[in-house]
Structure formats: C-alpha cells, structure tokens
Amino acid sequence: MKPFLSLLELASPGPSVDDVTGAGATANATSAPPAPTRAEQLALACTGLLGAVGLAAIWGVAANSSAPHAVLNALKVPMLVIVSGAASLPITALVWKLTAGRAAKTTSLLVAYSAAAFAGTLVLALLSPIVALYQHSSAFAGPWVALGSAVVGFVGAACVFIRVLRKLGSREGIGQNLAVGLLLVIQLATLSQLASVLPPVFGQRTAFGRGVDGLRSHEPRP
Amino acid sequence: MSGVVVVAGLAFVTIVASLAVALGRLRRRVELEEAERTIAAEMGDQAWGRCGRWGREP
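Protein sequence lines, in the order shown, are assigned to chains A and B. In this text, residue positions in the first sequence follow the numbering used here: the first is 1, and each later residue adds one. In this text, residue positions in the second sequence follow the numbering used here: the first is 1, and each later residue adds one.
Hints are computed from structural coordinates only; laboratory data are not their basis. Where hints are given, some of them may not hold.
[Said to hold, decoys possible] Using C-beta positions, here's what the derived DEER-type ranges look like:
(1) B/G24 - A/V151: 52 to 58 Å
(2) A/A141 - B/A35: 52 to 58 Å
(3) A/V155 - B/G9: 26 to 32 Å
(4) B/V7 - A/G14: 37 to 43 Å
(5) A/L98 - B/E31: 33 to 39 Å
(6) B/L32 - A/S66: 47 to 53 Å
(7) A/S138 - B/E36: 57 to 63 Å
(8) B/R28 - A/G14: 41 to 47 Å
(9) A/F4 - B/R29: 15 to 21 Å
(10) A/S12 - B/V4: 46 to 52 Å
(11) B/L32 - A/A67: 45 to 51 Å
(12) A/R102 - B/G9: 36 to 42 Å
[Unchecked claim] Short, incomplete list of chain A residues facing chain B, as computed with Cβ under 7 Å:
(13) A39
(14) A43
(15) M79
(16) A86
(17) V197
Predicted, not measured: the structure shown is a model, and the values here were computed from it. Quick reminder that beta carbons are idealized off the backbone N, C-alpha and C, glycines included.
Just need the whole structure built from these sequences, with the hints factored in.
Here it is, written out as structure tokens:
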C-alpha cells in the first residue's frame, strides 16, 4: 500500500524532490529526508505499472455489458496500456537524453510515466461503476460514457506525467516539452492502432478504435 | 487472430512478468540499502572493514 501512496503523493501538487530532500533547501537541511535511491525509484516505477495493469483490468470489465467480452477486456485493456507504453517509452527516453542534457535521468522519466499510468488507470477504475451502469442500461449513452471516461483518464495521465517530471527536478525546457509531446503522440497513435486490430473493447467499434483507417474513412472518395 | 495480436499478447505477458521479477529484486535491494544506512548511522564513524566486518578502519 505504501508504494501506491507514494505514487499518489508524487502525482499530487507539492514541492519538488530537490526541495523536499534538502538539495534545494538551506535551512533544516539536516532533518530533511534522504533523496530516494535509484533502486527505490525503479521499484516505485514497477509497482506503479503493475498497479496500472490491475486498475485498467477493472475498467475493462466495466466497459462491456456482455459477460464473455467483459472478461476478455480484463486482458485487452491492460495490454493496450502496457504495450502502447512499451512502444512509446524507448524513443521518448532517447529524445529525452539527447535534448534535455545531463540533468535528464531516464529513471525520472520512468517514474513519471509510471505515476501517470497509475493515476490515469486509477481515474478509469474510479469511473468504472458509472461506466458499467451506463453500459448495462443505455445502448446510446453507454459507449459515449465509456469513451469519455477513457479520454478523462488519458488527459489526467498526461497532466500527471508533466507534473511529476517537473517535481523530479526536470527543468522546463525544449527537451521536456519535446519528450512529453512525443510520448503522448506515440502512445495515442499506438493505442488507437492496436485497438483497431483487437476485438472492440466496447460493444461496437468507435471511431477511435478504427485506428488510422478510421480517419481516412471520413475523407471524400474520389 | 492476427499476428499483431499474438505479438502484442506475448509482449504484454513478458513485460508484466519482467516487472514482477524486477520488483521482487528491487525490493530486496532497497531493504539491503536501508539496512546498510541503518547500520552506518548506528556505527557512526566506523566503516566496512577489510576483514569483512563492520569496524573501525585501521
């Protein structure tokens, strides 16, 4: 439970790690807690990602009213989250290293991503009762509510990612902005395209779940 | 089932298993580091000696 609380604390507004650990503080420096070691940060990142798998599974079950599909969703939705992250993180880490200078630590990027994934999927899990209610009671509003909750979760995760990166001592600059933008674009593109090859998460396929071909189908045909 | 789905599924299982294994190892490492810090704080100026024990350096 403690790592999850640490992740929430990291995602909440507050002073940066430098201020908390005494690196940026002048007074009270002796009583400040020590900075987390690399092993502690990596353990936190692993815990956050594994927690995100469980929370995404909860939302997946709620997002479909049909029982067999709901059970399959418990595997599909975490897979979408984790695999799209695995596709977007390596290139983002490279860009982060190349543009953000020496202060850029890949561990910070991983912790920020993990906290964002955890926070985003926590939002999804907390919204899942409403999603389940609408999916089971309204054929019209159900998919829209489910899609809306997914959008809220993604936007929340993006905001947490930016906040945690700043809290972990990353100076705001072109490197950080580029890394954040790249990660969000690649994650969204991978998520959408992967969703298009999987069976639909909701009862029917939405425009987002059609991948890049969904964009093309709206163009006028010659 | 398309090849992409199979690859994505395998990647997912591999990543989750790797995360679980890594978490176990990292927790042990964190515990070790905490123990080292505690011992170092208790021992004060003493350090890990050459003969493989905590004690004052000669």
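Are A/V155 and B/G9 spaced within 26 to 32 Å by their CB atoms?
-> holds (28 Å)
Is the shortest C-beta separation between A/A43 and chain B less than 7 Å?
-> holds (4 Å)
With chain B as the partner, please determine if A/A39 meets the hint condition of a C-beta pair closer than 7 Å.
-> A/A39 check passes; min Cβ-Cβ to chain B is 4 Å, inside 7 Å.
Range agreement (Cβ of A/G14 with Cβ of B/R28, hint 41 to 47 Å) = violated (29 Å)
Is the interface hint for A/A86 satisfied, with its Cβ closer than 7 Å to some Cβ of chain B?
-> holds (6 Å)
That 52 to 58 Å hint for B/G24 and A/V151 (C-beta), does it hold up?
-> Check failed, 35 Å falls outside 52 to 58 Å.
Taking the beta carbons of A/S138 and B/E36, is their distance inside 57 to 63 Å?
-> For A/S138 and B/E36 the Cβ distance comes to about 58 Å; the hint holds.
Would the stated hint for A/M79 survive a check requiring a Cβ distance to chain B of less than 7 Å?
-> Holds: closest Cβ of chain B sits about 4 Å from A/M79, inside 7 Å.
Quick one: are A/L98 and B/E31 within 33 to 39 Å, going by C-beta?
-> Because 35 Å falls inside the window, the suggested range holds.
Is 52 to 58 Å right for how far apart the beta carbons of A/A141 and B/A35 are?
-> At roughly 55 Å between Cβ atoms, B/A35 and A/A141 fall inside 52 to 58 Å, so the hint holds.
Starting from the range 46 to 52 Å, see whether the pair A/S12 and B/V4 falls in it by beta-carbon distance.
-> violated (38 Å)
So the hint says 37 to 43 Å: do the beta-carbon atoms of B/V7 and A/G14 match that?
-> Since B/V7 and A/G14 have Cβ atoms about 40 Å apart, the given range 37 to 43 Å holds.
Of the numbered hints given earlier, the model fails hints 1, 8 and 10; all others are met.
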